[in-house]
Structure formats: structure tokens, C-alpha cells
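Asks: Which chain is which? The protein sequence lines are A, B and C, in order. Just so you know, we're using numbering that gives the first Met the number 0 here: the first sequence kicks off at 0 and counts up by one. Just so you know, we're using numbering that gives the first Met the number 0 here: the second sequence kicks off at 0 and counts up by one. Just so you know, we're using numbering that gives the first Met the number 0 here: the third sequence kicks off at 0 and counts up by one.
It is worth saying that the hints were derived from the structure and are not from the lab. Warning: the hint list may mix true and false statements.
To be verified - Lysine-lysine pairs mimicking DSS-like chemistry, simulated, CA-CA at most 30 Å apart:
{"id": "1", "chain 1": "B", "residue 1": "Lys3", "chain 2": "A", "residue 2": "Lys242"}
{"id": "2", "chain 1": "B", "residue 1": "Lys54", "chain 2": "C", "residue 2": "Lys296"}
{"id": "3", "chain 1": "A", "residue 1": "Lys88", "chain 2": "C", "residue 2": "Lys512"}
{"id": "4", "chain 1": "C", "residue 1": "Lys388", "chain 2": "C", "residue 2": "Lys414"}
{"id": "5", "chain 1": "B", "residue 1": "Lys2", "chain 2": "A", "residue 2": "Lys242"}
{"id": "6", "chain 1": "C", "residue 1": "Lys296", "chain 2": "A", "residue 2": "Lys88"}
{"id": "7", "chain 1": "B", "residue 1": "Lys42", "chain 2": "C", "residue 2": "Lys31"}
{"id": "8", "chain 1": "C", "residue 1": "Lys163", "chain 2": "C", "residue 2": "Lys330"}
{"id": "9", "chain 1": "B", "residue 1": "Lys42", "chain 2": "C", "residue 2": "Lys440"}
{"id": "10", "chain 1": "C", "residue 1": "Lys564", "chain 2": "B", "residue 2": "Lys42"}
{"id": "11", "chain 1": "C", "residue 1": "Lys311", "chain 2": "B", "residue 2": "Lys54"}
{"id": "12", "chain 1": "C", "residue 1": "Lys440", "chain 2": "A", "residue 2": "Lys107"}
{"id": "13", "chain 1": "C", "residue 1": "Lys512", "chain 2": "A", "residue 2": "Lys107"}
{"id": "14", "chain 1": "C", "residue 1": "Lys296", "chain 2": "C", "residue 2": "Lys163"}
{"id": "15", "chain 1": "C", "residue 1": "Lys60", "chain 2": "B", "residue 2": "Lys54"}
{"id": "16", "chain 1": "B", "residue 1": "Lys299", "chain 2": "A", "residue 2": "Lys169"}
{"id": "17", "chain 1": "B", "residue 1": "Lys54", "chain 2": "C", "residue 2": "Lys346"}
{"id": "18", "chain 1": "A", "residue 1": "Lys107", "chain 2": "C", "residue 2": "Lys163"}
{"id": "19", "chain 1": "B", "residue 1": "Lys42", "chain 2": "C", "residue 2": "Lys60"}
{"id": "20", "chain 1": "B", "residue 1": "Lys42", "chain 2": "C", "residue 2": "Lys346"}
{"id": "21", "chain 1": "B", "residue 1": "Lys42", "chain 2": "C", "residue 2": "Lys163"}
{"id": "22", "chain 1": "A", "residue 1": "Lys88", "chain 2": "C", "residue 2": "Lys511"}
{"id": "23", "chain 1": "C", "residue 1": "Lys31", "chain 2": "A", "residue 2": "Lys88"}
{"id": "24", "chain 1": "C", "residue 1": "Lys502", "chain 2": "A", "residue 2": "Lys88"}
{"id": "25", "chain 1": "C", "residue 1": "Lys296", "chain 2": "B", "residue 2": "Lys60"}
{"id": "26", "chain 1": "B", "residue 1": "Lys42", "chain 2": "C", "residue 2": "Lys502"}
{"id": "27", "chain 1": "A", "residue 1": "Lys169", "chain 2": "B", "residue 2": "Lys2"}
{"id": "28", "chain 1": "B", "residue 1": "Lys126", "chain 2": "A", "residue 2": "Lys51"}
{"id": "29", "chain 1": "A", "residue 1": "Lys242", "chain 2": "B", "residue 2": "Lys299"}
{"id": "30", "chain 1": "A", "residue 1": "Lys88", "chain 2": "C", "residue 2": "Lys543"}
{"id": "31", "chain 1": "B", "residue 1": "Lys3", "chain 2": "A", "residue 2": "Lys169"}
To be verified - Below, a sample of chain B positions facing chain C; criterion: calculated Cβ distance under 10 Å:
{"id": "32", "residue": "Ala29"}
{"id": "33", "residue": "Ile33"}
{"id": "34", "residue": "Pro34"}
{"id": "35", "residue": "Pro46"}
{"id": "36", "residue": "Met55"}
{"id": "37", "residue": "Leu58"}
{"id": "38", "residue": "Thr152"}
{"id": "39", "residue": "Pro166"}
{"id": "40", "residue": "Tyr206"}
Fair warning: this is a prediction, and the values are worked out from it, not measured in the lab. C-beta: ideal position from N, C-alpha, C; glycine also.
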Amino acid sequence: MKKFRNPFSFQVDYDRESIFKVATDKEKEEQTFMRPSTSFFGDAVRRFRRNKIAVISLFFVILVLLAIFIVPIFYPYSYDQQLGIIPGKPVDGSFANLAPFTYCETEKARMAAGEFIWPHIFGTDNAGRDYFIRVIYGARVSLLVGFFAAFIVLIVGTIYGSISAFSGGKVDMIMMRIVDVIYSLPDMVIIILLSVVLNNAFDFEGTPLENVGTSLISIFIVYALLYWVGMARLVRGQVLSIKQTEYVLASRSIGTSTPMILRKHIIPNCLSVIIVSATLQIPSAIFTESFLSFIGLGVSAPMPSLGSLASDAIGALPTQPYLLLIPAVFICLIVLALNLAGDGLRDAFDPKQK
Amino acid sequence: MNKKLAFYILKRVLLAFLTIIIVITVTFFAVQLIPGGPFTSEKAVSPETLARLEKMYGLDKPIFIQYINYLGHALIFDFGYSIKSRGAVTVGSIIADRMQYSAAIGLIAAFIAIIIGVALGSLAAYKHNTTTDRVIMVLSTASVAMPSFIISTILLYLFCNVWQILPANGFDWRGYILPTFTLSLYPMAYITRLTRSSTLDVLGSDYIRTAYAKGSSFSRVLYKHSLRNSLTPVITYAGPMIAFIVTGSLVVEKIYGIPGIGREFVASITNRDYPEVMGLTIFLTYLVVIMVLVSDILYKVVNPRVELE
Amino acid sequence: MKFKRLPKVLVLVSVGAISACSGSLPSRTAHKDEAIYSATIDGVKRDNLTWANAYDAVIAKTKATSGAERNEYLHQAEDILMSTGAIAPIYYYTDIFMKSADMDGFYSSPLGYKFFHRATVGSSTDYTVCVGPKGDSYDPAKNSAVDGAIVISHVFEGLYRWAKPASGDIAADLEPAQATGFEKVAVGSEGHVKYTFTLRSDAKYSDGSALKPSDFANSWARAASGKLGADYGYMFDCVVGYEATAADEDKYLPLSGVTADDNAGTLEVELISDVPYFLELTAFPTYAPVKLANVQKADGSEDDAWWLDPAKYIGNGPLKVTSIDNKEGGKIEFAPNANYWDNANTKVTKLTFALTDDDNNQLTNYNSGAYKFIDSVPNEQIDSLKASKPNEFKINGQLGTYYVIFNVNDNTLNKKLANESQYVTFRKALSLLIDRNYVCKNIGKAGQEPANTFVGKGIMENNDGVLSEWTTRSGVNRDGSGYFKVGENDYEANCAEAVEMLKSLGFKYNEKKGSFSDIPTIKYLYNTSSGHKAIAEYLQAAFKPYGIKLKLESQEWATFLNTRKDGNYSIARNGWLADYNDACSFLDMWTTNSGNNDAQFGR
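Construct the complete structure from the given sequences, taking the supplied hints into account.
Replies: Below you can see the structure in the form of C-alpha cells.
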């Protein structure tokens, strides 16, 4: 007997044969995911590569990194060599203040005699030193400061911030008050104090740190002491907010262990913020170094940094603008590239963008 | 709720006070540790004169007594006399005088930064993924890629030396144009980015979609729903930002020849003018702590969803 | 987890500790015991003297003698000083400034105190100049800075003043000012002399009140007193009674050698010896007459802020201050003093001093015409300014010397050098390796002259009426040849000599490379500033080919002064500007107990 069925009913008609049908193999195959499952990291890399500007920026940063390590190996001049100085002879002042790609009288004479003279790509400074190699060394010092400072800030800030967030209660409160105090300390006083104390306490003679100079090492230590607080606050805030999210609660409620929650939820979700803050720390460290050079507390002479080159050249702006503009452009490009690459990394590593 | 808020504010104020006391202590001993003193000069004064001068300014007492004395006075805002001026001016009057200039350029710069930053940021968010958006973002990234001493030097040279359309000293209002502009660049770029990303978050949220769905006009959505919410991060940032702009304009002050507080601070450290270093440190700490406090409290007030600790 | 960084810090600390320990060196006899100096004292040449027996004794002789005899002792002091090799003069300072081409009537004292009250700019008598940063104090007694002295010199006037030169910018002669003249007589048997000044009867302060001889006497007592503790109190050390006044901490004890007679209008001053520069001192800011009623509060205590109030900052000079805003970026305004005796010569109607320390900012303002005179220019632009504005860029001599100082107690080379005389050879060798002509021309750029004496160029000496420049009689033979040769053509020979000297000390020399292989690294200390840095970098680069490694260390100003004074350095930069035109100002600073004995002689 056939059941009556209202043709306008919305009820599912279970009697119709078409409603459940065994899928064909072809259909089954179509239903499987086309792409293999990817790790979080792989995903991020893929997303990063789609961002043209970020890739170009990263490429530029790598290029600069290569240049600052490779160029000094084969470059015929050194950063502290005053070309006019010949032992036993009066100093040849004509080497000073050469414009880019020009040669001084002495060099012209030697070239006329058939000798090959490596061109002064960016000219020479007022002490007759090749400016190109100084800029390369300056970039090296500036990036070293930047990366090292960012690294210190990253490590100290993350550890401190997460300990504070996880401990909670009194420990958290005390740790955060310490952060508040450090936040309000006058860094100028601390920097001057540290460079003096370090000068007397440490002697880096004979160590690889010798050339870097005490003042640069004090900059690192200042960074380690003062600038991690922003990162610590950030990490703490992130961890706290993620700890309270529904998915962590859900994860906890099904019995996931704390390390697992850390690995699966908290670290990936904090990572984006941490990475982007760390990359943005590099330009800020480069800026701090250049500011310190400006007020005379930067790297030890004759080692240059981009900031010290620029601040030494301020007075020469009307007469030899390139002495200021070249390091300025280098700072600008490096900072720009780091910022853009940092933005790209943030977008790529942000789980919310998945 | 109000009781809770009041308790929260009280707690924060007490903690801020504690912070200030610790900063005073740390700075006091740090400054004393730096070699050299206020009477160090190229032509050395005789040991007898030095001893007499130190006695005159109370520097011969044991350091701990000096500290207690100082702390007692500092807490009631009595910072004493500047030693470098040989007691001619009080540290308080130095702060008051230099603050006129620093506060003027700082507040103007902060105002410019907030207005233009919020406007550009919102514009970029509403025109998300268009050319306008990209131009604004590139500009905001590029404008923070140059240390301010280089920008200042180049602007000063162009406007005052080459074109000679602005004066190079801060004696009249035209002298403020370049410093405020330079000073506002960095926070402006930051606020632009902050506003853009928070506006994007807000625009993507359910209640905005609901508001549009029930037929609200664009401007109504903007005022009633989006702006208020997207500005909360800006508020948290603005407090400390104003404090830092006002206090951290050393470079700009030096290059444009403005008699501001940042320059005075560095000079006081160089001169080992202990009372002045301490006075300025405490004042600047107060400024930072208070601005952070105000912006935190403001944040809780405009954003009722935030749980009070 | 929090302690992960600790081992790294420990490594740093231990590296520091190890290198500090490995630096334990064989001890050398304390410098003060080394008797290696020679000096002629009381006409007898004596050898094997210690620093105190030689140098201090010779300086003491200069205080008790006068004329040619005194000059000879001064030369001898310089001989002893230079024989140590611890002072390596580099160049004599110059004073550079930029002055609007149409500024007329400007002049400067030999110490670099500029005078503008007689200067006009074209037809303008109201203009702005910049002579330096804000002052620490414009109280004549407390000021010790040149820019402060310039302000004071416009507001106050001493018994004598620098006369506007007939040509050129630098005054050479003194002329009567608040005094109309003086008489000088010898007193007693100890070489004392007495000056009797007759004061101008119409002398007045700018508020119209009369200026009396006792105002001078009281002001001097105040400036010299221990109660005030002024930096330049010692400028009165040639006046009888200075010791007692300087020791009194309770009151302004009058100088016993100074007698004021207000009725006769005379001021008598007794000096411990006939110092040739006393008249010059009367033109010095510290000797200016302040109005004591304005300087003190009602209860007789010092009013530290009187000089900041134009109503109280009353002087007797050509100008008076109408407003003062003493800060970086501030300004001071002056107007003519209607009660000045010589107003016929005052040309300005309003003068403004802009106060700033940033030389780029100064130059920008000068170029825009806002400032008509600036006191410093960025070093990088000196060459182009010299070329483009030859009529405005001025170079004048200055009484001072830039030098490199060696700490005589330094023990960096103790493993290599056994005694002081070997150290002397080593220091002199380093000094010879410096190409001073290059430093002057390419680093200093401001027309400096290479120095081969410590006493600066421009210092005069008077030998029985024959006035001559000190440097023309410098050197052991008193023939002006100095203590080493600094001619353009002497450098190669100097280098060769230096190499021989170093070889004689037993350092290993590689003939092929032309360098020494076993000279320990030495630290060179300078204060943070682009000019000092350039010289430090030059020295490092110049010594490097010889195998002499300098490690540069820069310190912030006050730290640097402290380090150098305490003798915690090996080699350091140094500089000295004279307080008055006499060799004594360069030489009495090296006595054993002097606060400026940075070389640590005899300690």
C-alpha cells in the first residue's frame, strides 16, 4: 500500500530510493582532501611566500647580511686604514674627502704607471679612509647590534613574561611591578653608568669582543636590562588572554595536559606576536644605537656604525652630502626591509589567518 | 562596579607611588656611582676649595643620610637648587621653564599624530586592499625608517639653509613647525597602523554586520559602533606616547635649538648636577607613571568588557 | 629556566677577571722616588734630583724672583717638564669665529674675550651674536668660562681694560679704565711691590650710585675668600694676604695687601713679587667690582641668584643687562649703560647674545643672517667656509696648547722597560712619530701651528725691557728651536730617529716589515667629541704600521676628567688655555701637589 504523501511537505521522504545511495568509488575519491595535511610551520612559510613585498624585503636583508660578511674578505681597503699614511713619510693629505669614484693625485700618478687602483665607490672620509668599506662595516655593526639586542629581548622577555603569566597571584604581581620600575628608569643615566662600570670591570683584550668595544657591549647589556620589559608585558598579556579562551578551556576539559596545551595552543598563538615584536626590535635597536652615537655613547672608534657614520657627517651636509646620505639610505633600507619582512612574518604566522 | 573601579584605582595609585620611590632610590645611587662630580672641571679646583664646596651643598655627608634627606624633600616636590648654577636657580623652576617648550611641541606633535593617525588609519581600513590602503601603509612604514636626527638635520638644512623659509631657532611660532612635524612622524605612523588593524577587526565583527543589516547608515555605524571600539588600543597607546614625546625630544630639541627638558636632562647628567638629575628623573617618572595610569583607567572605563584585576 | 643566561654572564666576568689578573706586572720604583732630574737652583747645577727637588723648587724660585732671572727659571721649568717626555705638544690653539663682513669696531682680548659694544653691523646698532652656550654663573667671582667672561666684560670693567687695537681683531695693549693710572714702587726686602691706583672720580655703577675704591677692595676680598670658594680665587695668589683670606670660611676677610682710600680715591695693592702680568689681571673678570649690597641678602648671606635678576646685576661696564633667559636656546639682552664714563665710544643700542652649544645650528642662523657673529663652526665646513667667505671666517691666535699626556706611573710596559729613563725614551719616540703638520692642516684645519714647546705661542716674556715671544727663546739653548723639530721636512728624520730609539730599548724589529713585534697594546683615552676622536684615530693609524697598537677609549666629559686626574690612564689627550699672558700659567700646574698635575709627576 502506498502511503499518502503531501507534495508540499518539508519532511524528508525516506522512502524515496534516491535518498541513500551507495557512493561510487569515483565519488569517494572526489571527497578526499586534495592536499596533504601540512604542519603549522609549513603553512606559515607558504603564506609568507605569497607576500611579494615581504619576500623581497627578506631577500634584501639576506643580501646585506652576505655583503657585510663577504665584502671585507676581498676588499683591498680596511675600515680603519687611513690611506694617506705611509710609514716614515709625511701623511699624504690628498686622500681625504674624495668624492665617489674619484682618485687623488697620488693614485692618479700610480695609475698612470700602470698600477690598478680599486675605486673608492663611496669616496673617502676626512681621514682618508675608504667610505664604502666603512659603510659595510657600519652596517655590520648596526645589524649585529640589532640582531643581538632583538635576541636578548626575545629570550629574556619571553621567559620572564610567560613565567609571570603562568605563576599568577603574588609572583605575577611582584614581577610586573619590577617591570613597571624598569620601564620608568631614565635609560640615559643607566647607559652612562653602565659604560663606565663596564669599562672598569671588563677588559676584553684578546677576546673576540675586543674590537667591538666596551660601549657596544654596554649597549647590549642596556638592552638586556631595560628593553625586554616591553616584550615581557606583551608575552604576559598574550599568554593570559589565550589561557582564558574557549578553545583552551575546551582542550582542558577533555583532559589535555598542560605541556600539550602549551605546545598546541599557547605557543603557536603567541608566536606571531613574539616574532613580529622581535623583528621590529631590530630596527628599534639600530635606532637606539644611532641615537647613542649621536649623543656620543656609541661604538668605540675607529669602528663605525651606520649611526655614528651619519652623526659624524652631519656637519658635512652642505659640502659633502653623500657622507650623510649614504649611511642614511642604508639605515632606511635596512629598517624598511626588516619592518616589511616582520609584517610579512606576522601575517604568515598568525593562526587567525588560517 | 563603581566600588570595584574605585578600589582598582586606589590600588594602582599606591603601586605607582611605590614605583616612584624605587625609581628615586635606584637613580640616586646610580648617579652617585658615576665618576666625576658637579665641581669637576678642566681646570681643577684645589682640594680645599672642593671640600668647602661639597660642604656648602651637603655633599660631604654620608651617602645614606643624603639619600634620606633627598627622599624626604623629593616626596613633597622640593628638589632643591641646581649645583651647576651654584645655587642660583631651583630645580623646580628649571623644570617649569623647560616644560613650557617641551610640553608645547610635545602636545602639538601628539595632537597632530593622533588626529592624522586615526584619520589615515580608519581610511586605510575602510578602503582595505585598495591603492589608498597600500599607499598609506607604505608611507607609514617608510616614515619610521629614518632616525630622527637625520630627518631633523636634513629638514633644517633644506628649510632654513637652502630655501631659508623658516627660522633655525625656536624664538617664534614658525620655529615650531619643523620640530613638531619631526616629532609627530613616529607616533603618527604607529597610530595609523594601530587604528587600521583594530578597525579591520571591528569591521569584521558580527555586530557591525548586524548594524548594517538592520539598515543603519554608514556614518551611524561609524560613530555608534566602529569608532568607539577601534579607538581603545589607541587610547592605551596615547597615554605613554604623550609622556614619551614630551620627555624624549632630546634630538629634536638639540638640532632645532629648543630649550626643552630632554636637552636639559642630558646636560644635567653631563654636569653631574645631582639635584637636577634627580629632580628631572622624578618629574619624568611621575609623568610616565601618571600617563600610563590614566590611560589604563580610561581603557577600563571606555571598555566595560575588560575585567578588573 | 630563568638562569639560562647566567653561565654566559659568568664567562664574561671570568674573562675580565683572568685578563685583569694576567696583567700583574713587575713593580717599578714609585715615580716620586726616582731621582733623575737636573736643575739649576740658586745658580748651581744639580743632578739626580727628584721631581719635588727639581721642578717644585724651580717653580718656587719663579715666585720669589722677577724680570730676566724669573724668566730663566721659567724656561728651566719647561726644560725639566719636556725632559720627561710625558708631555707631547701637538699644536697651539687658535680661536676661530665668523663675523659678518660689515661688522665694524669689533675686537677681542688675547684670551679670546670678545667685545661688541663698539661694533656696528653696517648701519645697524641692534643685532644678535652667539658666543657660546648658557653660562653656569655670570657672577664675576664665580665664573670660570670664556663665554661667561664675555658677558661679564660687557657689564663690568676693571681698573684697566683691553684697548681697541688700531688694526686687526686682537687687542695687545691695556689702557686705563676705572683707574686713571698707577704708580709702582718696591717695598721691603722680599721682592714685594706696591701698586697705587688712582680711580676715576666720576666712576659710577649703571644704577647711578658712586663706585669707590673700597668697592674694589671688598669685591676682591669676596672673590678670593674661602667663604665663596670660587674656582678662580687663586687669581689673587700674587696679592699679599691671599692665604689668610682663602682660608677664612666665615667671612670675606679683607686682603691684607689691599688698602682702599675712598676719600683720596686711591687703591693700594701690595704683591708678593713683581709679577709681570698684574696689570692684565686688573682687566680680568674676577677682579671686577661688584655691588656688594646686591650680591648679599639682607642677612649678609650670599644671594646666589643675584646675577639672574637684571635689577640686581648692576655693573660699571659699557652695557647693562636688560633681560636674561639663561638656558640652552635662551638669550641675554644688553642696552648701553647711561652712567658709563666712556659712552662716546659705545655704538650698540641693543645687543643680544643667543645661547646655544650646537655649532650646526649656529652656522645655520649665521647663514640666514639671524646671527651676525658665531663662535664655532662645524669642523667639516671650515675648508669650504675659508674658501667661500674669506672676509668673514677669522682665525686668531689663542694662548693654549693641545697636547698628548703620558701617565708617568703607568705600568703597561713594565715587562719591557725597566726604569724611568727607558720610559722617557719610549714616550719621546712616540711623540716623534706624530706628523703634527698633518694634524694641523687636515684635522684641526683652523690654522693651528705645530707645537714643539708646551708654553703656548703668543705668550710674551719681558727681559729687562726687551719684549719677546716665549717661543722665540724656547728650547734648552734658548734659541727658539723648541724641544724637537716640527718642520714640514723634519718628519722623515723624526720617524727614523724614533725607530732607532725604540730599537735601543730592545724591542724586536722586523727590518723587512719595518715594524716592531713585541710592543704591548697601549690605551689612549679621549673625551667624546668628533675633533678628539679624529686625532685619536690618526694616532692609532699612524702608530699601527710600526707595530705600536693603540686601543682607543672614549669617555664622557666629567668621567674623562676624573679618570685623567686620578691617573687611571696610560696616554690621554689634554689641552690647556692660559689664564693670563705669562708662561707661569702653563708651568705652575705641574708641581707635585697641583690639582692639574694629570701626568702624576712626583706622585
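Asks: Against this structure, judge whether each hint is valid.
Replies: Hint check results:
The suggested pairing of B:Lys3 with A:Lys242 holds, with an alpha-carbon distance near 24 Å, which does not exceed 30 Å. Distance restraint check for B:Lys54 and C:Lys296: the Cα-Cα separation of roughly 20 Å lies within the 30 Å cut-off, and the hinted pair is therefore satisfied. Restraint check for A:Lys88 and C:Lys512: satisfied, since their Cα atoms lie roughly 15 Å apart, inside the 30 Å limit. Restraint check for C:Lys388 and C:Lys414: not satisfied, since their Cα atoms lie roughly 54 Å apart, outside the 30 Å limit.
The straight-line distance between the Cα atoms of B:Lys2 and A:Lys242 is roughly 27 Å, inside the 30 Å bound, and the hint therefore holds. Between C:Lys296 and A:Lys88 the CA atoms are separated by roughly 65 Å; this puts the pair beyond 30 Å, and the hint is violated. Distance hint between B:Lys42 and C:Lys31 is fulfilled; the C-alpha atoms sit about 23 Å from each other, no more than 30 Å. With a C-alpha separation of about 26 Å, the suggested pairing of C:Lys163 with C:Lys330 holds against the 30 Å cut-off.
With a C-alpha separation of about 28 Å, the suggested pairing of B:Lys42 with C:Lys440 holds against the 30 Å cut-off. Only pairs whose Cα atoms come within 30 Å are accepted, and C:Lys564 paired with B:Lys42 is accepted, the gap being roughly 10 Å. Of the pairs offered as hints, the one joining C:Lys311 and B:Lys54 holds, with about 27 Å between alpha carbons and a cut-off of 30 Å not exceeded. Of the pairs offered as hints, the one joining C:Lys440 and A:Lys107 holds, with about 22 Å between alpha carbons and a cut-off of 30 Å not exceeded.
Annotation: proposed proximity of C:Lys512 to A:Lys107 holds, straight-line Cα distance about 26 Å (limit 30 Å). Simply put, C:Lys296 and C:Lys163 have alpha-carbon atoms about 37 Å apart, too far for the 30 Å limit, and the pair is violated. About 35 Å separates the Cα atoms of C:Lys60 and B:Lys54, which puts this hinted pair outside 30 Å; it is violated. About 22 Å separates the Cα atoms of B:Lys299 and A:Lys169, which keeps this hinted pair within 30 Å; it holds.
Of the supplied pair hints, the one linking B:Lys54 and C:Lys346 is violated, its CA atoms being roughly 45 Å apart against a limit of 30 Å. For a cut-off of 30 Å, the pair hint linking A:Lys107 to C:Lys163 is broken: about 51 Å separates their Cα positions. About 23 Å separates the Cα atoms of B:Lys42 and C:Lys60, which keeps this hinted pair within 30 Å; it holds. About 35 Å separates the Cα atoms of B:Lys42 and C:Lys346, which puts this hinted pair outside 30 Å; it is violated.
The straight-line distance between the Cα atoms of B:Lys42 and C:Lys163 is roughly 29 Å, inside the 30 Å bound, and the hint therefore holds. Distance check on the hinted pair: A:Lys88 and C:Lys511 sit about 17 Å apart at the alpha-carbon level, within 30 Å; holds. Restraint check for C:Lys31 and A:Lys88: not satisfied, since their Cα atoms lie roughly 38 Å apart, outside the 30 Å limit. Annotation: proposed proximity of C:Lys502 to A:Lys88 holds, straight-line Cα distance about 19 Å (limit 30 Å).
A distance of roughly 26 Å separates the Cα atoms of C:Lys296 and B:Lys60; the hinted pair therefore holds under the 30 Å criterion. Proposed proximity of B:Lys42 and C:Lys502 is contradicted: the alpha carbons are some 38 Å apart, above 30 Å. Pair hint A:Lys169 plus B:Lys2 holds up; C-alpha atoms about 22 Å apart against a cutoff of 30 Å. With a C-alpha separation of about 21 Å, the suggested pair B:Lys126 and A:Lys51 falls inside the 30 Å cut-off, and the hint holds.
The hinted pair formed by A:Lys242 and B:Lys299 meets the criterion: a straight-line CA distance of about 20 Å does not exceed 30 Å. Restraint check: the Cα-Cα separation between A:Lys88 and C:Lys543 comes to about 14 Å, which is no more than 30 Å; the hinted pair holds. Taken as a hint, the B:Lys3 and A:Lys169 pair is honoured in the structure, with Cα atoms around 19 Å apart against an allowance of 30 Å. At a threshold of 10 Å, the smallest CB-CB gap from B:Ala29 to chain C is about 14 Å, leaving the interface hint violated.
Checking B:Ile33 against chain C: minimum C-beta separation of about 7 Å stays under 10 Å; hint holds. Because the closest C-beta pair between B:Pro34 and chain C is about 4 Å apart, less than 10 Å, the hint holds. Below 10 Å, beta-carbon pairs count as interface contacts, and B:Pro46 has one with chain C at about 7 Å; its hint therefore holds. Checking B:Met55 against chain C by beta carbon gives a least distance of about 7 Å; that is within 10 Å, so the hint holds.
Checking B:Leu58 against chain C: minimum C-beta separation of about 13 Å lies over 10 Å; hint violated. This hint holds: B:Thr152 has a C-beta 7 Å from the nearest C-beta of chain C, less than the 10 Å allowed. For the restraint placing B:Pro166 at the interface with chain C, the shortest Cβ-Cβ distance is roughly 6 Å, inside the 10 Å limit, so the hint holds. Proximity of B:Tyr206 to chain C is violated relative to the hint, the smallest CB-CB distance being about 42 Å (cut-off 10 Å).
Checked against the numbered hints given earlier, the structure breaks hints 4, 6, 14, 15, 17, 18, 20, 23, 26, 32, 37 and 40 and satisfies all the rest.
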